[in-house]
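One-letter residues, chain by chain:
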Amino acid sequence: MVEVIMSGEILKTISRAITTLVSECRMHFLTKGIHSRAVDPSNVAMVIVDVPKESLESYRLESEKTIGVDMNRIFEISKSINARDLVEISLVDDTNLRIKSGSLDYSLALIDPSAIRKEPRIPELNLPAKIVLDAGEFKKAISATEKVSEHIVLKSDKNSFTIEAKGDVERMVFTMAAGELREFNGGEARSMFSLDYLKEFCKVAGSGDQLTIHLGTNYPGRFCFDLVGGKVRVEFILAPRVEG
Amino acid sequence: MVEVIMSGEILKTISRAITTLVSECRMHFLTKGIHSRAVDPSNVAMVIVDVPKESLESYRLESEKTIGVDMNRIFEISKSINARDLVEISLVDDTNLRIKSGSLDYSLALIDPSAIRKEPRIPELNLPAKIVLDAGEFKKAISATEKVSEHIVLKSDKNSFTIEAKGDVERMVFTMAAGELREFNGGEARSMFSLDYLKEFCKVAGSGDQLTIHLGTNYPGRFCFDLVGGKVRVEFILAPRVEG
Amino acid sequence: MVEVIMSGEILKTISRAITTLVSECRMHFLTKGIHSRAVDPSNVAMVIVDVPKESLESYRLESEKTIGVDMNRIFEISKSINARDLVEISLVDDTNLRIKSGSLDYSLALIDPSAIRKEPRIPELNLPAKIVLDAGEFKKAISATEKVSEHIVLKSDKNSFTIEAKGDVERMVFTMAAGELREFNGGEARSMFSLDYLKEFCKVAGSGDQLTIHLGTNYPGRFCFDLVGGKVRVEFILAPRVEG
Chain A
1 MVEVIMSGEI LKTISRAITT LVSECRMHFL TKGIHSRAVD PSNVAMVIVD VPKESLESYR
61 LESEKTIGVD MNRIFEISKS INARDLVEIS LVDDTNLRIK SGSLDYSLAL IDPSAIRKEP
121 RIPELNLPAK IVLDAGEFKK AISATEKVSE HIVLKSDKNS FTIEAKGDVE RMVFTMAAGE
181 LREFNGGEAR SMFSLDYLKE FCKVAGSGDQ LTIHLGTNYP GRFCFDLVGG KVRVEFILAP
241 RVEG
Chain B
1 MVEVIMSGEI LKTISRAITT LVSECRMHFL TKGIHSRAVD PSNVAMVIVD VPKESLESYR
61 LESEKTIGVD MNRIFEISKS INARDLVEIS LVDDTNLRIK SGSLDYSLAL IDPSAIRKEP
121 RIPELNLPAK IVLDAGEFKK AISATEKVSE HIVLKSDKNS FTIEAKGDVE RMVFTMAAGE
181 LREFNGGEAR SMFSLDYLKE FCKVAGSGDQ LTIHLGTNYP GRFCFDLVGG KVRVEFILAP
241 RVEG
Chain C
1 MVEVIMSGEI LKTISRAITT LVSECRMHFL TKGIHSRAVD PSNVAMVIVD VPKESLESYR
61 LESEKTIGVD MNRIFEISKS INARDLVEIS LVDDTNLRIK SGSLDYSLAL IDPSAIRKEP
121 RIPELNLPAK IVLDAGEFKK AISATEKVSE HIVLKSDKNS FTIEAKGDVE RMVFTMAAGE
181 LREFNGGEAR SMFSLDYLKE FCKVAGSGDQ LTIHLGTNYP GRFCFDLVGG KVRVEFILAP
241 RVEG
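These protein sequence lines map, in sequence, to chains A, B and C.
Going by the working numbering, the letters in the first sequence line up with residues 1 to 244, in that order.
Going by the working numbering, the letters in the second sequence line up with residues 1 to 244, in that order.
Going by the working numbering, the letters in the third sequence line up with residues 1 to 244, in that order.
Derived from the structure by calculation, the hints contain no laboratory data.
All of these numbers come straight from a predicted model, not from anything done at the bench.
One thing to keep in mind: the hints can contain errors.
[As the list claims (entries may be wrong)] Dumping the calculated DSS-like pairs for lysine-lysine here, alpha-carbon to alpha-carbon at most 25 Å:
#: 1; chain 1: A; residue 1: Lys199; chain 2: C; residue 2: Lys155
#: 2; chain 1: A; residue 1: Lys100; chain 2: B; residue 2: Lys155
#: 3; chain 1: C; residue 1: Lys118; chain 2: B; residue 2: Lys79
#: 4; chain 1: A; residue 1: Lys147; chain 2: C; residue 2: Lys130
#: 5; chain 1: C; residue 1: Lys130; chain 2: C; residue 2: Lys79
#: 6; chain 1: A; residue 1: Lys100; chain 2: B; residue 2: Lys79
#: 7; chain 1: C; residue 1: Lys100; chain 2: A; residue 2: Lys147
#: 8; chain 1: A; residue 1: Lys203; chain 2: A; residue 2: Lys231
#: 9; chain 1: A; residue 1: Lys140; chain 2: A; residue 2: Lys79
#: 10; chain 1: B; residue 1: Lys140; chain 2: A; residue 2: Lys79
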C-alpha cells in the first residue's frame with residue numbers, strides 16, 4: 001500500500017526533472033521519502049530526484065516499494081493540474097498508478113521495474129569548487145551563451161566564477177565575483193559542458209530557486225537545484241566535454 | 001436595408017463560432033435578430049448561432065434579409081477590432097457587406113446564398129440528460145483528456161456527470177457530482193464523441209461562460225454556449241461515435 | 001579609442017532597425033553621435049539610424065571612427081540584455097567590438113568596412129504631404145491590411161490621411177482625419193507600397209512612439225520613427241510600387 005498526497009507543483013517538478021533525461025524510470029517509495037534516478041541513453045548525464053517525506057502533505061507506506069513508470073505520461077497529465085492543487089497518488093493492485101486531483105481521476109499501467117534500464121550508481125566525486133547562485137541567473141547566462149556556441153566552459157578560481165562561450169568570430173563571458181554569489185569557496189576548477197544538457201536542466205528551475213554547482217577540472221560537474229521552496233531536490237551530474 | 005451596430009466582441013464570437021465548422025454560410029437578418037447555421041463538410045456537426053436584437057446596440061431592417069458571406073474573412077478582420085469597440089454592419093447595394101469600426105472601413109463581396117450548401121434542418125432530439133456547467137471547466141477537462149485519447153465518453157446518471165478517456169495503458173475520468181454542477185437533472189445517458197470537434201467548440205467560450213449539455217445514449221449531443229454575458233447563443237449538435 | 005555607454009534599449013533599437021534590411025553594416029562614431037545606414041539587397045528600402053551623443057550616457061572618442069559589424073549578432077546578444085541596464089561599448093585593438101553589461105562581457109570580430117556594400121547616398125526627396133501619428137496606430141492598420149493584400153496605398157489630401165488595401169473580393173480603408181493626427185499638412189499625395197517592408201519597419205516601434213510620414217505621388221516615402229523617448233531616430237525610405 002502506497003498513499004501519497006503532494007502539491008501539484010511537486011508532481012510537476014518531479015516529472016519534469018526525470019523527463020529531462022529519460023521517459024521510463026523506477027520510483028522508490030522509501031521510508032524517508034520518494035527517490036528516483038536515471039541516466040540518459042547516451043550516458044552523459046544523470047538525474048537524481050529526492051522528495052523527503054516532510055515535503056509531502058501525507059505519506060503512508062505499508063513497506064518500502066519500487067515501481068516502474070512512464071514519467072512522460074505523468075508529466076503530460078501534470079500539466080492539467082494546478083500547482084497549488086493537492087494530488088493524491090496511490091497504487092492499485094500493484095498494476096496501476098492512480099493520480100487524483102479535484103474532479104480528475106487518472107490511472108496509468110505500471111511497468112515492470114526489471115524491464116527498465118538498470119539504475120546508475122551515484123559516483124563519488126571529489127570536486128574542489130562550490131558555487132551557490134540563483135538558478136534564474138544561471139539560466140539567463142546559459143540562454144545567452146547558446147547564441148555563441150554549443151558548449152561552454154565553467155571556471156572557478158579564487159576570485160570568481162565564470163561562464164565562457166566561444167564562437168568563430170565572437171566570445172562571451174559572464175563573470176560573477178564572490179560578492180555576487182550566494183556562496184563561493186574559490187576552489188580552482190575548469191570544465192567544458194554541452195549547452196544542450198545544461199539548457200534542459202535549467203528548465204526545472206525558475207528565478208528564486210537555488211542552484212549549487214560543484215566543479216572540478218575536466219571532470220563531471222554536479223548541478224543541484226533546490227526547488228519548490230526547498231521541498232524537492234533535483235541533482236544533475238554531467239560528464240565534461242573534452243576541450244579541443 | 002440592413003444596419004446593425006454591435007460590440008466587437010459579438011462580431012468576433014459569431015464569426016469564430018461559424019468558422020469552427022465552415023467558411024461560407026448564410027446569415028439571416030430576421031425581425032427577432034441575427035441567425036445563422038451550418039453543417040460541417042463531413043456531416044458530423046452542426047452549429048447554430050443566434051443573436052437576439054436585444055443584444056445589439058442598434059438593429060434596423062427594411063425587411064428580413066438573407067445574405068451569403070465568407071465568414072473566414074470576417075473572422076480574420078474581427079481580430080483587428082477591439083472587443084469593446086462598436087462595429088457598424090450594413091449592406092451596400094445587395095452586393096457588399098460593410099463593416100465600420102473607428103477608423104476602419106471594410107467591405108466584402110457577398111456570395112449568392114443559393115451557391116452555399118443548403119442549410120440543415122435542426123433535428124428534434126429527445127435527450128434525457130441535462131447538464132449545466134462552467135464552459136471553462138469543460139474546456140479544461142477536454143484539454144486534459146486529449147492527452148489520453150482521440151475520443152471521450154460523456155456519461156450522466158442520477159449521481160454525476162463524467163467525462164472519460166481511455167488510452168492503451170491509461171484511463172482518465174473527470175467526475176462532477178450534482179453539487180458541483182450549475183444545474184443537473186440526473187438523466188441516464190452515455191455517448192462517445194470525437195475530441196477534435198469538442199476542442200473546436202470550446203474555443204468559442206472562456207471561463208465564466210455557461211455551457212448546457214443535453215445527452216442521450218449513443219445519440220447526438222447538444223452543446224449550448226451562452227456567450228458575451230448571455231448576448232450570443234451558440235449551439236453545436238454533434239453526432240456520436242460508435243464505441244467499439 | 002571609442003568608449004560609449006548607452007541603455008540596453010538603445011542597443012536593441014539600433015540593432016533591430018538595421019537588421020530589418022541588412023545583416024552587415026558600417027557604423028560611424030561621429031563627433032555628433034552614432035550614425036549608420038544601409039540599403040536592402042533588392043534596393044527597395046533604405047534605413048538611416050542616428051543616435052545623437054546627447055542620448056548616450058557617455059561618449060568618448062579619440063577621433064571619428066568607422067567600423068564594420070555583423071549587426072545580426074549584436075541584435076541576438078542584445079536580447080540577453082535588459083532594456084534598462086547600461087551597456088558599455090568599446091573597440092579592442094581595432095579588431096573587436098566589446099559589449100559589457102552587468103556580468104556579461106561579449107566581444108565580436110569587426111568586419112573590414114571596405115568589404116561591406118557601399119553605403120547609399122541619402123536621396124533628396126521633395127515630398128508634399130507630411131503626416132505625424134502614433135506609430136502604434138499605423139502598426140495596427142498595417143497589421144490589419146495585411147489580411148487583405150500584399151500592398152497598400154497611402155493617400156493624403158486636404159481632409160485626411162488614408163491607408164487602403166484591396167483584395168479580390170474585399171477592400172479595407174483606414175481613414176484618419178486631420179483632427180485624429182498629431183500633425184498634418186493636408187498635402188496631396190498617393191503612393192503604393194509593399195506591406196512586407198512596412199511590417200518590418202513597424203517592428204522597431206511600439207504604441208506611444210511617434211511616426212512622421214512624408215509622401216509624394218508614385219514616389220518614395222519617408223517613414224521617420226522617434227524611438228526610446230526621442231533618443232533614437234530611425235528613418236526608412238521605401239520605393240513605391242507601380243499601381244496596375
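Problem - Hints violated by the structure (listed by number, smallest first) - result: Numbers 1, 3, 4, 5 and 6, in rising order.
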